[in-house]
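Asks: Residue-level listing of the chains:
There are 2 protein chains.
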Amino acid sequence: MKEILVNPIGIINTPFKNQKNIPIQGCFKENIEGVCNILDKYSDGLCDLEGFSHAILIYHFHKIKDEKIKAEPYLEPVEHGVFAIRSPYRPNKIGISIVKIKKIIDHRLFFTEVDMLDGTPLIDIKPFVKHFDNRENVKSGWIDKHFENGSIPKQTILS
Amino acid sequence: MKEILVNPIGIINTPFKNQKNIPIQGCFKENIEGVCNILDKYSDGLCDLEGFSHAILIYHFHKIKDEKIKAEPYLEPVEHGVFAIRSPYRPNKIGISIVKIKKIIDHRLFFTEVDMLDGTPLIDIKPFVKHFDNRENVKSGWIDKHFENGSIPKQTILS
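Chains as they are written, first to last, in our numbering: chain Z, 1 to 159; chain A, 1 to 159.
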């Protein structure tokens, strides 16, 4: 199989210089703000994105060197396959996050629900479309027990 | 910014040999079955994924050569920025699809809600987690008007 060459479309700037206090998913720490700084040549690609409340960011876990085919996730000390967890220690080290769009000014997309490190290379932005991206009747395997009765486990924020 | 080298983790096989009759998103044609054939070295990564009802597949639009920074989406003859549409003619040509897991046998993940071409290089699989991935109070910009009152536009299946 052929290698695929990916060229970042910009850089994500966030207040998180390292993993300390970062949420495992942006929805667990809502008020932090981040910015996608898109290369000028792609700024027209943001046209009409402001009509959407949310976007899906696809990016590179650029600080991660290793891959772990089975690993313990942040939520519990039990090993699972890498494709059943959201760990960054994965083949290809590509992350996705759903973020909340605040505003777009020129080549910059301001957002909240931030869960990525400062300096993260951005690969793509897609509009979050409720008619495609929300799912009903979802079973979330080993994760569901950690969110029973609407509780939020404390391991959702890294220490 | 540095290039990122991506090595496919496997191949997706589907009944769609070309765009004809393919849905723009898998949820619009539910009964078609596809298979992710993972490289043997990654098969342990599928461990415990079967407890999830849905997965997010990240893959390469390998048949697409061009990029269009503004383009008409399938749903309407009006140009929007590429980051406000889900067109494959995008920088980096990376696609994501939420699919429904049917079963996992060894290195093979069988799924429905298929919207990718046969032979698509697979880059990553993530578990779909309702506590992270569903969003409430979503505005979907120029797309919402096409789904008013629960209607499904006919352009959701390509001709």
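Take these hints with a grain of salt, some might be off.
Part of the chain A face toward chain Z, derived, beta carbon under 10 angstroms [said to hold, decoys possible]:
| # | residue |
| --- | --- |
| 1 | ILE11 |
| 2 | THR14 |
| 3 | PRO15 |
| 4 | GLU30 |
| 5 | TYR74 |
| 6 | GLU79 |
If you're looking for bench data, these hints aren't it; they were derived computationally from the structure. Please read all numbers here as calculations on a predicted model, not as lab measurements. Glycine is no exception: its CB is placed at the ideal position from the N, C-alpha and C atoms.
Asks: Against chain Z, with CB atoms and a cut of 10 angstroms, does the hint on THR14 (chain A) hold up?
Replies: Since the shortest Cβ distance to chain Z is 17 angstroms, the answer is violated.
Asks: Would you check whether ILE11 (chain A) satisfies its interface hint, that is, whether its CB is within less than 10 angstroms of any CB in chain Z?
Replies: holds (7 angstroms)
Asks: Would you check whether GLU79 (chain A) satisfies its interface hint, that is, whether its CB is within less than 10 angstroms of any CB in chain Z?
Replies: Result: holds, 8 angstroms to nearest chain Z Cβ.
Asks: Under 10 angstroms, Cβ to Cβ, is where TYR74 (chain A) needs to be relative to chain Z, so tell me if that hint holds or is violated.
Replies: Because about 12 angstroms separates TYR74 (chain A) from the closest Cβ in chain Z, which is outside the 10 angstroms limit, the hint is violated.
Asks: Does PRO15 (chain A) pass the interface hint, meaning its C-beta sits closer than 10 angstroms to a C-beta of chain Z?
Replies: violated (21 angstroms)
Asks: Can we keep the GLU30 (chain A) interface hint, with Cβ of chain Z closer than 10 angstroms?
Replies: Violated: closest Cβ of chain Z sits about 12 angstroms from GLU30 (chain A), beyond 10 angstroms.
Hint compliance for this structure: hints 2, 3, 4 and 5 are broken, all remaining hints hold.
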